[in-house]
Structures are given as structure tokens and as C-alpha cells.
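Novice: Chains as they are written, first to last, in the numbering used here: chain A, 1 to 252; chain B, 1 to 607; chain C, 1 to 304.
Keep in mind that the hints were calculated from the coordinates and are not lab data.
Computed from a predicted structure; not experimentally measured.
Check the hints yourself; a few may be wrong.
Pairs of lysine-lysine, DSS-like flavour, derived with a Cα cap of 27 Å [said to hold, decoys possible]:
(1) Lys-19/A - Lys-3/B
(2) Lys-59/C - Lys-33/C
(3) Lys-128/C - Lys-138/C
(4) Lys-4/B - Lys-33/C
(5) Lys-19/A - Lys-4/B
(6) Lys-89/A - Lys-129/C
(7) Lys-131/C - Lys-19/A
(8) Lys-128/C - Lys-4/B
(9) Lys-124/C - Lys-19/A
(10) Lys-59/C - Lys-89/A
(11) Lys-129/C - Lys-4/B
(12) Lys-128/C - Lys-19/A
(13) Lys-62/B - Lys-195/A
(14) Lys-19/A - Lys-129/C
(15) Lys-33/C - Lys-89/A
(16) Lys-4/B - Lys-89/A
(17) Lys-3/B - Lys-267/C
(18) Lys-19/A - Lys-138/C
(19) Lys-89/A - Lys-124/C
(20) Lys-131/C - Lys-89/A
(21) Lys-131/C - Lys-3/B
(22) Lys-3/B - Lys-138/C
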Amino acid sequence: MQTLSLNAFFNECGAEILKAVRAPEYILPTLILPVAFYALFAFAMPNSGTSGARYLLATYGVFAVMGPAIFGFGVGVANERDRGWLKIKRASPAPAISYIGAKIMVTLIFASLALIPIYLLAGFRAQIVLARSDWFLLFGLHMLSVLPFILIGLTLGFSFGSNGAVAVSNIVFLGMAALGGLWLPAFLFPAPLQKFAATLPSYQLAEIALAIVGASSQTGAERIPLQNLNIVAIMTIILAGLAIWAWRRQRD
Amino acid sequence: MLKKIFFITITALVGFLIFMLFVLPTTSDKEAVVFSGNSFAVKSIRVFDGQKMHDNYSLIIKDGVITRMGERVNIPKGLQTYDGANQTLLPGLLDAHTHIFGPALKDSLVFGVTTNFDMFTRAQTLKGMQLKRNGILETTEADLWSAGIMATAPGGHGTQYGFAIETLTRPDEASAWVARRIAEGSDYIKLGYMPGRANLNSLDLQTASSLIKAGHEQGVLVVAHISTLAAAQDMLDACIDGLVHIFADMPASEEFIAQAAAANIFIIPTLAVMASVAGEKPGGDLLANELVTPYLTAAQKQGLAAGFGTAWPDFNLDIALENTQKLHKAGVAILAGSDAPNPGTTHGASLHQEMALLVRAGLTPLEALNAATSAPALAFGLKDRGRIEVGTRADFVVIGGNPDENISLSFAVDNIFKNGYAVKRVRQSISNTDTSPRLANAKLGHFDTDLNPPEDLAAQGFAWSATDDKIANGKSEAKISHINLGADKTGGALRVSAQVRPGFFFPWAGAYFGHPAQKAHNIEAYKTLSFQVRGTPGVYTAMIFVSGSAGAPPSQNFNITNDWQTIILNIEDFRGLNPKLFAGLAITAGPTPGVFDYEIDTVTLGK
Amino acid sequence: MPTTGETPISATGLTKTFGKTIALNSVNLVVPKGDITAILGENGAGKTTLIHVCLGLTKPTSGQISMFGHSPGAHPARLRTGVMLQDADLPDLLTPREHITLFASYYQDPLNLPDVIDMCKLAKFADKKYKTLSGGQKRRVQFALAIIGNPDLVFLDEPTTGLDTQTRRMLWGVVRELAKDGRTVILTTHYLEEADALADRIVVMHGGNIIADAPTPQIRAVAGGAVITCTTVLTVAALKSLPDVKSVRKTGRFVQINTQNQTTTMKSLLAADPQVSELVIKKPSLEEAFDRIVQTPQQNQEKA
Chain A
1 MQTLSLNAFF NECGAEILKA VRAPEYILPT LILPVAFYAL FAFAMPNSGT
51 SGARYLLATY GVFAVMGPAI FGFGVGVANE RDRGWLKIKR ASPAPAISYI
101 GAKIMVTLIF ASLALIPIYL LAGFRAQIVL ARSDWFLLFG LHMLSVLPFI
151 LIGLTLGFSF GSNGAVAVSN IVFLGMAALG GLWLPAFLFP APLQKFAATL
201 PSYQLAEIAL AIVGASSQTG AERIPLQNLN IVAIMTIILA GLAIWAWRRQ
251 RD
Chain B
1 MLKKIFFITI TALVGFLIFM LFVLPTTSDK EAVVFSGNSF AVKSIRVFDG
51 QKMHDNYSLI IKDGVITRMG ERVNIPKGLQ TYDGANQTLL PGLLDAHTHI
101 FGPALKDSLV FGVTTNFDMF TRAQTLKGMQ LKRNGILETT EADLWSAGIM
151 ATAPGGHGTQ YGFAIETLTR PDEASAWVAR RIAEGSDYIK LGYMPGRANL
201 NSLDLQTASS LIKAGHEQGV LVVAHISTLA AAQDMLDACI DGLVHIFADM
251 PASEEFIAQA AAANIFIIPT LAVMASVAGE KPGGDLLANE LVTPYLTAAQ
301 KQGLAAGFGT AWPDFNLDIA LENTQKLHKA GVAILAGSDA PNPGTTHGAS
351 LHQEMALLVR AGLTPLEALN AATSAPALAF GLKDRGRIEV GTRADFVVIG
401 GNPDENISLS FAVDNIFKNG YAVKRVRQSI SNTDTSPRLA NAKLGHFDTD
451 LNPPEDLAAQ GFAWSATDDK IANGKSEAKI SHINLGADKT GGALRVSAQV
501 RPGFFFPWAG AYFGHPAQKA HNIEAYKTLS FQVRGTPGVY TAMIFVSGSA
551 GAPPSQNFNI TNDWQTIILN IEDFRGLNPK LFAGLAITAG PTPGVFDYEI
601 DTVTLGK
Chain C
1 MPTTGETPIS ATGLTKTFGK TIALNSVNLV VPKGDITAIL GENGAGKTTL
51 IHVCLGLTKP TSGQISMFGH SPGAHPARLR TGVMLQDADL PDLLTPREHI
101 TLFASYYQDP LNLPDVIDMC KLAKFADKKY KTLSGGQKRR VQFALAIIGN
151 PDLVFLDEPT TGLDTQTRRM LWGVVRELAK DGRTVILTTH YLEEADALAD
201 RIVVMHGGNI IADAPTPQIR AVAGGAVITC TTVLTVAALK SLPDVKSVRK
251 TGRFVQINTQ NQTTTMKSLL AADPQVSELV IKKPSLEEAF DRIVQTPQQN
301 QEKA
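Okay, chain A solo, but in the shape it has when bound (with noise of 0.2 Å):
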């Protein structure tokens, strides 16, 4: 039973890597959009220096996980839904958790793909300076980012036709980096902006990335980033009910 799922799980993981990689005009742009933007705003910029390429490596390191996260599930699960293969593999004895986990595989794979030359910039161009350890612990952050936004894609994988879903996912992708202050600092947002940004798993990533490079708080307030993850994992519990009521809700 055990080596069953294990095997399905590893042919499925081989089948979603096909199927991305055979689709490169959808994942190339969530591979080149992080990068791209972090070179434009961290180097190419007047004054940027390093301060501004250690910020902006905390909070584009979670932007790099959402595109991934959120179009692979989002656009994925409901294309796949809408012509019926889903339906297919409830039927058969593909097992259920083989098939998230390899999309969460997938997604992980594209994440790392899309962080990997954000940190080459970080550390070989942009000269920062981060100990061993907040190294790995600042990557596995990014890596984790991808949970909740992996719960948003499912809910709108499952709650959306394939046309909608891809417009709703840009929607709630380029909302969430943008208000999330992952583009530009949230600090510098209007105070009303700063409150809503609060309430995106987003910026409660960038804070507690923000926290591990030690970029400097500019609002004078301290960064408690254990608070932060408190905030996410509540975040994410919830937006797991989210996606198991979607998911419900489709099914019948």
C-alpha cells in the first residue's frame, strides 16, 4: 500500500514536470517576472545600494513563491477540473494525496527555480551578507511562503472555470504582491493601505523574511517575527477550511 503511493506519487510528480516544463509560456513568466523585477528595482535604481538589495531580497523572495504556488493551482486545478480529469482520477485509484502532493512538489521546484537566481544576485552582485544559517533559514522561509498561497490557488482552482480562474488568480496574485508592500515597501504605503496589507499572508511573510536578513524596520517598531508567523499560520488554517469547503462545494 505504502510503496504504491509512494510510486504513484513519484510518476505524478514526473508527469506534472513534463507538463510544465512542455508549457513554457506559462511558467517562464513566473520564473523571469521575480528576477527581473528585483535586477530593475535593487540595481538598476539610483540609491539603491545594499540596504535596498537586502530588503527587496526578503520581499521578492516571497513574490517568486506566489506566482508558482498560485497560477499552478489556481489555473491548474481548475483547467484540469473543467475538462473532467479530475473526475477521472477520483474515479480510479489515483490516490488523492498523491496528486497535491505532486503538484506541491512541482510548485516547490518552480519556487526554488524562481528564487535561485534572486540569491545568486543577492549574494554574488548585490554583496549581501547573511549568516550560514539565516541563509537556510531565510530559503526554507521562502519555501514555506508557498502554503498558503498553494490554499488561495486550490480555492480558486476549485471555485472557477478555467478562463476565470486565470483572470482571478492574476487579480489576486498581482493584488496580493502589490498591497502586500513586495513591490514597495509597505512603509511607504498611506496609513489605511498599511492596515489592509496587515491582513495579507503576503506582507506577514515579507515581515518575518524582513526579519531574518535584518533589514532595518523604518517605522521605528520592532520586528517580532514569531508574531508574524503566529498571524500566517492562522491565515493558513483558514484558507485551508477555504479550500476544503471549494473543494466540497465542486464536488457534488
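Assemble chains B and C onto chain A, guided by the hints.
Specialist: Same frame as chain A, now just chains B and C:
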């Protein structure tokens, strides 16, 4: 099949990720303690606050500004803390006399010089400096205050650096000239007043006085470059705010000292550059200092190895030291300034040497430290730096040891903080200059059929051309052509028609062999430069240019007669030359003015 | 692990409503091992809903159902089931070979990949992307997915809709092979011939009800034959006595003769009344077959 795809992908990716995470730059190598962010605490450290030493102090720095300090400071839990046992924390150093070209601000910061007072540079260098020095961002460069371009007469001191500057000759031009500098961003006005020097024009006293008056009317300080007591006295009488050199021609008179003290002027003696003029080779001392050399770039090393060559008239280092001491005793503010990057000096390291020279002149180590920290901040009206007190910015140099006991300990820089951010001190790897390609051919020119160098050199980008001091606003002129009759009646030769005219410090006109992009090439393998030459008898000059240097090139003189002769020059006699960075050479007439026609053949590097 | 001896499908009183629509109305169905059962019915008759309930894709509103002794959709049940669904498509960017490999990994004892490719005649396009295949080729791949797991029970929902005759023949052949090995096959169709050609047993659905459930020959007996319409001088009684006539109805000046064998009935009719005119012979439509089944329910409910 599907499984294999997954396994290959995941293995390659995880392998690469682990590799990447292990090669990303980290702080673990202990070169410097690197704090993240610009909020932290320092505990148990000796602090020089700009005036006095305090033992066992603690500080709290928040967002790059000192928020608390003293003997009893509670450090909040969780705040990253720097343990300063056996170390001394100084305010980030201020160099009161530099010239900013190339990477000067970067080089400064590597030795804890966090603020530069430039005394003459290109106007475009000033762009963005105000924004940067007012901000509190992480940076790899020192902050800059600048005079912009200096006030001088056509052909005067300041016109020799290879870029056009606006000169003036009449008092009625002064006000508008000052207004234009202020508009360009100059923080103060520097003028050159060197009357009565042969070969060198100067502002007259009326124009200089008008400039001082105009500066004061428009709300800026005015400082003067002088080299004699008489000139200093003129400036003092004209209400100058500061002198950017000490005079070394004769001891300061009692009257002058009393008047200077009463007028509350400041003096930047620039003893480091004076020591270089006096042939003491201060740069050599720095190059031999193990605390210094690992952090010098190749270009800095070349500058330090260079010297002024000729002895200057009316100059005596002992008099300079004595004058400094007397004026200091009388209460005149003495500011430490290196005058880098003059030959024998460099940005950053030379300021530490300047402090040591001030101690040699008779200041105590604490007074020398004061001259490099709070004294210049006070003189130029800067409130946010130069002192360690609540509210000033966290520009620090942390010294391993107590420079109060021995000023030369200031070279033992353990850590540097700029705007509260730890500055990464990069050790210069010596190998980075080894990458320059070798020069393809030792025969630089035979001119048998034309002026082109051998094909392999041409392929590297080298070519022969005319060169003259017009590029430095001089008036000399050179033309080159090919003639069919060469030395020993073989092949052809390169003919130079040169008119060397006064108008520049060291006028020249001649032939240039070089790389248009100044790309570095390695000529380590060669010991000599030889060529055949004949022409108008006189003294000529050979210069070798290196990549990435804006200073005066290393040079040697030789004599020409009407008959062909072979000149052989030792490459090691081109003082300060880094043979790994060869970018070109020139065979020129000058510096004596006149009309010169000469022919060059068979230019060769020898082993 | 369930043994193969258990009953593949056993359902009683299955009801499924969508709002006010009744998709299944108290359906009873037992499918024993080793049969080919055809579920016959028009669109909307409830065939697909019944299959979805059997697969666990849809929960019944009420009633009981067990698949190999498990509740529908339970993993042990799914392990023994293969499906080809009507309106389900596969991801575009994988090749048939990749699809089948992936599906094989779900099962404990799948068939050999090359065998299935051979059986379903996929070799020519096994390595082309799914989206480049023709409709018929796509259905063949879907069919291969239904059988790759070597399942005890295979559901084929409208497997031959839109297929060319050649592919249909191939599919029929494979289905027969499967049944020979003791597997149970359930297929839905609205082609009477398909049910006739393949099934051991035919279940006829109409409006959410099973209106007939009998071995194929019996259903054929009810639904087979023809309707002869004509004007004749013979009386209804005389017509009824002709060979193979099942029923006679008079409408106006026409009579409608339901016959089991049009050839014998026609011969005797022409012999008895050479003047017979306005003659039309029609095969009964599925609808008419249903009508007839509905008219004679008792006769056909032996199995239920």
C-alpha cells in the same frame, strides 16, 4: 520513465540549492563582525567622543543613530550586541582635504574615513552627494562635502588635471563665479593664491579678496591654497576662513600666529603630502604596513609608490612641522587632511598617517584624533558627525587597542560602521591584476612602411598617435607622420613635429603608443624600454600610462641630439609603475617650451 | 483485501435527486461477477448518474450500494475498478504512453504497457502529445486507461459515441476478451445494436427508473421485430392469428401489426390478403421498444 524524470530533476535541483546555500557570502569568516541592519548595541568599549576618552561605555544605536550612551545603559534583550572589550570606538574619521576621483569614497571608507572634504574636483562629482550624506542608508562609500572646482587664474594651479574648469582674472567676476559654484552644489569655496611663482599663474590679491567677500556674502566658507607665509598673511588679511595647507617656506611670525588665533581660522597642514614632497616616501611606509596593504587596491599602491620627483623651491618639511606646532599651541584649529591622491598619498590610509605626523609635529594623540573627528565637523558646521553623543549618526571606527597610547595603533582597524551598518572590509586579492593579458609583442613600432604597430599588437587594440597637453587645457601641439628613411637607413620612422608652449604645469607634446580603452596589459616580463631617436637637441620625457589611474604618469627624462642614438630606459626607474597594468607609453618633448622636430624608430621592450 | 468472489455491484433503493429533478428513482441493481451488462437508455435516463454513484463520484440521496463489499469510492473498491467516462478529457501535454504509465502506477497488478498499447492499437501515436490526437484516438487512450489496471470491474460510459466503425469493432473485441477472463463490464449506450452485440444482460433505464432488466435475448424478444402498417380487409382477429404476430392495433383505416419476425408475418399476410396496400414496414425505435417494455412490465421483470 516519469519517475526517472522526477528523480533526475529533484536530485539536480536539491544538489544545486545546497551548493548555492553553501557558497553564498556569509559573515562566518570573522574578517569583520557583520551585524545585520543598523540597530544594535555596543558594550564595554573605550569611547573617544571627539574630545575625551571614556572607559567601559555602552551605546545603543537605533536605525543608524545613537540613542543612548554612557557607563550604565540597559541593553534590551534580543538586541544584537557588539562586545567591545579591549577596543576603542572612534567617531568615523573626517578627512579635511582630499580630491575625489574614481573610487576615492570607497577607498576612504575601507579605512574608517566616513566623511571627505573635497578641495577640488569635477562639478559632476557633486551630483547626489547631498541626498546621500543626509540619508542614513547602507553604503560602501564615505559621505562627501566639496568645494567643486577651485578658483584659479588661467594656467594656474588647478588647471593641470585634464579637465576644463572655469577660471577668472578680475575681481568683478568673483560674485557670479561663486554663485555658479553654489548652484553646482559646492559647499564652500576654495581658491588658489600662489603669487610670484615662475611657470604658474595665480589669482591676484584683489580677485582672491573679492572671492572671499563674495563667499561670505553668499553664506559659504572660503578656504585658500597657499604655499608661503606671505601668501598666508595676504589671505588672513582678506578674512579667509581657513588655509588648506601649512606654509613651509619660513617659520610663522609672531604677528601671523596671533592674528590667526584671533581671527579663529582653521589650518589643514596636509603633512602627509608635505612629507612626500620632502622625499620622505610616506607612501612607502604605508605599503610596508601589514595593517594597511591587504586593503589597498592596485591603483592605490601605485599612487603610494609614486613621488614628486623634483625638489620644490622654498620648501622645508621641518618648518611645516614647526609652524603646525606653533599655530596649534596658539589655539588655531588644526584639521587633519591628507590631500590624497597626490603622489605618495592615498584616500583613507593616508589620514591615519596624517594623524601620526600631527603627533610628530607636537600634538598629543588625543589632539590628533580630535583633528580628524570633531575639529573638522566644528570647522565646517556639521552637527551629526565627528562626535560620539546621543543624536549623532553611527559612523564608527573600532580600533583594536588604544590609540591614545600610540597613535599608530589607529591603523589597527577592527570594524567600521557607516550609518550604523557594518562595513565589509574587502581584502584585495593580489591575483586580480594577474588576469590582464600579456602584451602581444615586444616590438612596439618599427615604422618600416607605416605607423601601425605589429599586427598582433594592433589586434590587441594598440596604435600610435599624437599626444599633447591640450587634453589638460594646455597649449602645446603635436603632429606625427611617417617618413621613409629610418635609423640605420632601414625602413621608415615616426616623425613628430611638436610645439611645446607654456600654459600648463608640465607641458608636453609628442607621440603616444596606447590602448584606446586604457585596458591593462602585462609587461612584467620586460626590464627595459629602448628606442632610436634623433632631432632637435634638448630634454625629452618618456611616460608610461597604466590602466585606471588619473594621476601624473611615472616618467623619465632623456636627451636627444641631431644624430640617431639608442635610448635605453630601465622600466623599474618609472617609479610607482605597476607593470601588470600597462596601458600605453608616450615619447614627448617638454617640459621645456620650444619647437621640436624629432624622429623615433624601433621602439622595443627588452628583457 | 476483498476477494474476487464478492459481488461487484449490489444496490437497493438508490435514489438521487438534483433539486426537483429525480435522476434515480429507487433503483435496485445487482451485477454479479463476469457479466457484460449494458445499461440502455436515452440521454437523461439516469445512466450516467447511476455510474457516478457506483464510482463514488456522486453521493446518493438515499439507498444502499456496495462495490465488492465496500462503499463506493473507497480505495479498495477503486483498486478493482477501471473507468472510461463520457465527458472527461485528459491533460493535453502528456503522451498516451505517459498517461498510461502514470495510471498503471495507481494499481497493484497492472497489465503490461506494450500489451495495452497493442490491444488498443495505440502504437502509431503513443508518443504524440494528447492534444494532437483525433477524437477517436483520444477515446482509445481513455479506453486504455480504463483497462490498464487489470481491474475486476470496468465501467464504460458511452464508450463508442462518435467513434468510427473500425474503432468500435476494436473496442468491442477487447471488451469481449476482458469478459472472457472473468471480468465484469458495465457499459452504457443508447445504441440497441451495441447492447445487443456485446451484453449478456441489458438494463433499460427511463426517467430515473430501471424499466427492464433481463438477459439480452429476452430484451431482444420484446424490443426486436418490426411494425407493419397497412390497410387490409382482414379482421383484427384474423391478423392476430398470423405467425409471430404479437399485437395488432387498429387506428382509423390503418392497422398496426407488431411482429417478432417481419419475414414470416409478411409472407402470411400477403397470402391471406393479396390486396393489402399502403404498406410500411418499420424497425421499432428505442422509444417504441421502451413503450413496449413499459406496456408489458411483468413479463420482463424476472431478474429484478
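Novice: It remains to establish, for every hint, whether it holds in the given structure.
Specialist: Do the hints match the structure? See the list:
1. Restraint check for Lys-19/A and Lys-3/B: the C-alpha separation of about 14 Å stays at or below 27 Å, so the hint holds.
2. Distance hint between Lys-59/C and Lys-33/C is fulfilled; the C-alpha atoms sit about 24 Å from each other, no more than 27 Å.
3. Our distance criterion of 27 Å between C-alpha atoms is met by Lys-128/C and Lys-138/C, whose separation comes to about 11 Å.
4. Taking the CA atoms of Lys-4/B and Lys-33/C, the gap is near 38 Å; set against the 27 Å cutoff, the hint is violated.
5. For the given pair, Lys-19/A sits about 15 Å from Lys-4/B by alpha-carbon distance, which is consistent with the 27 Å threshold.
6. Restraint check for Lys-89/A and Lys-129/C: the C-alpha separation of about 19 Å stays at or below 27 Å, so the hint holds.
7. With a C-alpha separation of about 12 Å, the suggested pairing of Lys-131/C with Lys-19/A holds against the 27 Å cut-off.
8. Distance check on the hinted pair: Lys-128/C and Lys-4/B sit about 20 Å apart at the alpha-carbon level, within 27 Å; holds.
9. At roughly 22 Å between alpha-carbon atoms, Lys-124/C and Lys-19/A fall within 27 Å of each other, so this suggested pair holds.
10. Of the supplied pair hints, the one linking Lys-59/C and Lys-89/A holds, its CA atoms being roughly 17 Å apart against a limit of 27 Å.
11. Of the pairs offered as hints, the one joining Lys-129/C and Lys-4/B holds, with about 19 Å between alpha carbons and a cut-off of 27 Å not exceeded.
12. With a C-alpha separation of about 13 Å, the suggested pair Lys-128/C and Lys-19/A falls inside the 27 Å cut-off, and the hint holds.
13. A hinted pair counts as satisfied when its Cα atoms are at most 27 Å apart, and Lys-62/B with Lys-195/A qualifies at roughly 24 Å.
14. For the hint pairing Lys-19/A with Lys-129/C, the CA-to-CA distance comes to about 10 Å; that is within 27 Å, so the pair holds.
15. Between Lys-33/C and Lys-89/A the alpha-carbon distance is near 24 Å, which keeps this suggested pair within the 27 Å criterion.
16. Restraint check for Lys-4/B and Lys-89/A: the C-alpha separation of about 22 Å stays at or below 27 Å, so the hint holds.
17. Proposed proximity of Lys-3/B and Lys-267/C is contradicted: the alpha carbons are some 69 Å apart, above 27 Å.
18. For a cut-off of 27 Å, the pair hint linking Lys-19/A to Lys-138/C stands: about 18 Å separates their Cα positions.
19. Distance check on the hinted pair: Lys-89/A and Lys-124/C sit about 26 Å apart at the alpha-carbon level, within 27 Å; holds.
20. For the suggested pair Lys-131/C and Lys-89/A, the alpha carbons sit about 19 Å apart, so the restraint of at most 27 Å is met.
21. Our distance criterion of 27 Å between C-alpha atoms is met by Lys-131/C and Lys-3/B, whose separation comes to about 22 Å.
22. Restraint check for Lys-3/B and Lys-138/C: satisfied, since their Cα atoms lie roughly 24 Å apart, inside the 27 Å limit.
In the structure shown, a violation is registered for the earlier hints numbered 4 and 17, in ascending order.
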